[in-house]
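Undergrad: Here the protein sequences come in this chain order: A and B.
Going by the working numbering, the first sequence opens with residue 62, and the numbers climb by one from there.
Going by the working numbering, the second sequence opens with residue 55, and the numbers climb by one from there.
None of these hints come from the bench; they were simulated from the model.
Just so we're clear, the structure is a prediction, and the values are computed from it rather than from any experiment.
We treat Cβ as the ideally placed atom computed from N, Cα and C, and that holds for glycine.
Check the hints yourself; a few may be wrong.
Restraint ranges, calculated between C-beta atoms of paired labels, are given here [to be verified]: (1) A:ALA106 x B:GLU180: 17 to 23 angstroms; (2) B:ASP136 x A:ALA106: 33 to 39 angstroms; (3) A:ARG123 x B:GLY254: 20 to 26 angstroms; (4) B:LYS196 x A:LEU313: 21 to 27 angstroms.
Which residues of chain A face chain B? A partial, calculated answer using Cβ under 10 angstroms [said to hold, decoys possible]: (5) VAL112; (6) ALA114; (7) ILE121; (8) ARG123; (9) GLN138; (10) ILE142; (11) GLY192; (12) PHE193; (13) SER206; (14) GLY207.
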Amino acid sequence: MTTGPSAVELDRRAYRRSRARRSTLGALASTLVFALLAYLTITNAPGWPRVRATFFDLEIARESVRPVLAGLWVNLQVLLIGAALVAVLGLGIALLRTLRGPIFTPLRIVSTIYVDIFRGIPLIVVLYLVGFGVPALRLEGVPTSGFVLGTAAVVLTYSAYVAEVFRAGIESVHPSQVAAARSLGLSHRQTTRLVVLPQAVRTVTPPLLNDFVALQKDVGLISVLTVTDAVRASQIIVGQTFNFTPYVLAGLLFVLLAVPSARLADHFTVRALRRQQGGSR
Amino acid sequence: MPTTIRPSLSSAAVAGLAALLAVTLAACAPEDDTGGTTPGVSGSADPSDGGDCGPENLETLEEGMLTIATDQPAYEPWMVEDDPTNGQGFEAAVAYAVAGQLGYADDAVTWTRVPFNAAIQPGPKEFDFDINQFTINSRRAKAVDFSSPYYTASQAVVTTGTSPAATATSIADLQGLRIGAQVATTSLDAVTEVIAPTGGPAVFNTNDDAKLALENGQVDAIVVDLPTAFFITSAELTDGKIVGQLADTGSGGDEFGLLLDKDSPLTECVSSAVDALTKDGTLADLEAEWLADVASAPVLE
Numbered sequence: 062m063t064t065g066p067s068a069v070e071l072d073r074r075a076y077r078r079s080r081a082r083r084s085t086l087g088a089l090a091s092t093l094v095f096a097l098l099a100y101l102t103i104t105n106a107p108g109w110p111r112v113r114a115t116f117f118d119l120e121i122a123r124e125s126v127r128p129v130l131a132g133l134w135v136n137l138q139v140l141l142i143g144a145a146l147v148a149v150l151g152l153g154i155a156l157l158r159t160l161r162g163p164i165f166t167p168l169r170i171v172s173t174i175y176v177d178i179f180r181g182i183p184l185i186v187v188l189y190l191v192g193f194g195v196p197a198l199r200l201e202g203v204p205t206s207g208f209v210l211g212t213a214a215v216v217l218t219y220s221a222y223v224a225e226v227f228r229a230g231i232e233s234v235h236p237s238q239v240a241a242a243r244s245l246g247l248s249h250r251q252t253t254r255l256v257v258l259p260q261a262v263r264t265v266t267p268p269l270l271n272d273f274v275a276l277q278k279d280v281g282l283i284s285v286l287t288v289t290d291a292v293r294a295s296q297i298i299v300g301q302t303f304n305f306t307p308y309v310l311a312g313l314l315f316v317l318l319a320v321p322s323a324r325l326a327d328h329f330t331v332r333a334l335r336r337q338q339g340g341s342r
Numbered sequence: 055m056p057t058t059i060r061p062s063l064s065s066a067a068v069a070g071l072a073a074l075l076a077v078t079l080a081a082c083a084p085e086d087d088t089g090g091t092t093p094g095v096s097g098s099a100d101p102s103d104g105g106d107c108g109p110e111n112l113e114t115l116e117e118g119m120l121t122i123a124t125d126q127p128a129y130e131p132w133m134v135e136d137d138p139t140n141g142q143g144f145e146a147a148v149a150y151a152v153a154g155q156l157g158y159a160d161d162a163v164t165w166t167r168v169p170f171n172a173a174i175q176p177g178p179k180e181f182d183f184d185i186n187q188f189t190i191n192s193r194r195a196k197a198v199d200f201s202s203p204y205y206t207a208s209q210a211v212v213t214t215g216t217s218p219a220a221t222a223t224s225i226a227d228l229q230g231l232r233i234g235a236q237v238a239t240t241s242l243d244a245v246t247e248v249i250a251p252t253g254g255p256a257v258f259n260t261n262d263d264a265k266l267a268l269e270n271g272q273v274d275a276i277v278v279d280l281p282t283a284f285f286i287t288s289a290e291l292t293d294g295k296i297v298g299q300l301a302d303t304g305s306g307g308d309e310f311g312l313l314l315d316k317d318s319p320l321t322e323c324v325s326s327a328v329d330a331l332t333k334d335g336t337l338a339d340l341e342a343e344w345l346a347d348v349a350s351a352p353v354l355e
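The following block holds chain A by itself, in its conformation from the complex (with noise of 0.2 angstroms):
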């Protein structure tokens, strides 16, 4: 008796891969005439020339790659900064939000009020609250730099959503988990620690991502605060010259930093997909 795959199935194999590569022919042939057409539409339009010539000037975005880098780079701290303070306030709020037990009302009822207000506000509107408000109290070591204060505007706003999907994590832990560890002996706290939260920070962990990626473009609206981002670093130019490439240099520069994040949260979903279903595609 041979052991390898009958005829049947080779064959099955055959015309499996004959219709993968129909289906790649096919994708790629109507992707390439859809380009095609985008492209003789675009630069055909009577105002492609100056189109071409407002957003995208070779020599400008030359000039303006130094600056708007520099700017990406004061994205990036405040983006590592910031998530690094969202991930651990986010989930000290969630946990707050649900803790069980009449004694604890107060706490979450100043958490759910924190979390309707922050998630309400926009973000535009609590970076200007906190990066003027703050410094017009004129508390002593109160800071007054627009990179400290705009990081926290960007944080308490954040943190709110990242505690409602940390939370929402938390609440997708069956109970009989919760049962089992409490009859296995285990306190409120070691259960969290040990069974609720490894399992809720998975099952989270890709909307956690697509947060991640929110944030990124978000910090940069920092910038009302006198913080010279890249999109700030992109706008003095457009000032200047009255030419909109530096803009749409930031924003290949944005997608650069969105890109490795998206395949990261892919991974992550791709990964937790498999674990849950255990090979049962």
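The hints should help you fit chain B onto chain A, whose structure is shown.
TA: This is chain B only, laid out in the frame that chain A set:
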């Protein structure tokens, strides 16, 4: 055997899809309604005689009407009470004077409010000309048309009495301080190039933000053009103070021009109207009426 269930992706369907795309894209293509006009026709004769620059010949947005744009809000002393139609404030007065010179009565002038980016974008414009302290420079002139200058402004450093900048007497005294300016202005260029503060400039979205930060002590001084400096120190800031004006970078200050669409058929006529108003002293009179005596501010070296 498997071939019996193979559905065929018909090439006709692909062709149909492509055709559909082509139609959709073609329908999306914008028409250029300014491209067909011929700027040479109306302005071919010498515009300075005024004969070809009347309302009957000018290809304005709306026939017989002159549409003038400015940003919102508009600030004093350039416009008064954010209302350009009252003709008060230097730029409102200049706009009506230019309109009058071109032969438009005051009631043939309509105002529209256009933010900065909308004024400089490459698409069709919603105005015949825009007046909003646009400084003329050669790089900007690649993207838009400018009229002849109607005013030349220098830049000034504004602070409050309690700020460390209040005692500064030279540019060197300012370099270690936090200096702010509004983005996309020549005031910002002056901060970067003339003062060159060691910590870099603090860049604000608007002068209002900059004023607030100055009063909060988040910046030590801000740079604005001199007429604005006189206005905000006298009327807006508590304990406001002009440190001095910046010795200009060589060109004699920032020349403000009216902004028009690139290759607008109106540019020549609007420019010659401004030239005529300069020559007959109207602009100087309006300056004396609306702008403070700017010579009194010390020059920082």
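Undergrad: Taking the least C-beta to C-beta distance, is GLY192 (chain A) closer than 10 angstroms to chain B?
TA: holds, 8 angstroms
Undergrad: Against chain B, run the beta carbon of ILE142 (chain A) and see if the smallest gap drops under 10 angstroms.
TA: violated, 20 angstroms
Undergrad: Do the beta carbons of ARG123 (chain A) and GLY254 (chain B) sit within 20 to 26 angstroms of each other?
TA: holds, 22 angstroms
Undergrad: ASP136 (chain B) and ALA106 (chain A), beta-carbon distance inside 33 to 39 angstroms?
TA: holds, 37 angstroms
Undergrad: A closest beta-carbon separation below 10 angstroms is what the hint needs, so does GLY207 (chain A) meet it against chain B?
TA: holds, 7 angstroms
Undergrad: Tell me if the interface restraint on PHE193 (chain A) is satisfied: Cβ within less than 10 angstroms of some Cβ in chain B.
TA: For PHE193 (chain A), the interface hint holds, since the closest Cβ of chain B sits about 5 angstroms away, which is under 10 angstroms.
Undergrad: Tell me if ARG123 (chain A) is really an interface residue toward chain B, meaning its C-beta lies closer than 10 angstroms to one of theirs.
TA: violated, 14 angstroms
Undergrad: Double-check ALA114 (chain A) for me: the hint is only fine if its C-beta lies closer than 10 angstroms to a C-beta in chain B.
TA: It holds, given that the least Cβ distance between ALA114 (chain A) and chain B is near 8 angstroms, below 10 angstroms.
Undergrad: If I claimed the Cβ atoms of ALA106 (chain A) and GLU180 (chain B) lie 17 to 23 angstroms apart, would that claim hold in this structure?
TA: Roughly 20 angstroms apart at Cβ, these two residues keep to the hinted range, so it holds.
Undergrad: How does the Cβ-Cβ distance of LYS196 (chain B) and LEU313 (chain A) compare with 21 to 27 angstroms: does it lie in that range?
TA: At 22 angstroms between Cβs, range holds.
Undergrad: Can you verify the interface hint for SER206 (chain A): is its Cβ closer than 10 angstroms to any Cβ in chain B?
TA: Holds. Min distance 8 angstroms.
Undergrad: Have a go at the GLN138 (chain A) hint: is there a Cβ in chain B nearer than 10 angstroms to its own Cβ?
TA: GLN138 (chain A) check fails; min Cβ-Cβ to chain B is 15 angstroms, beyond 10 angstroms.
Violated hints, listed in ascending order, are 8, 9 and 10; each of the other numbered hints is respected by the structure.
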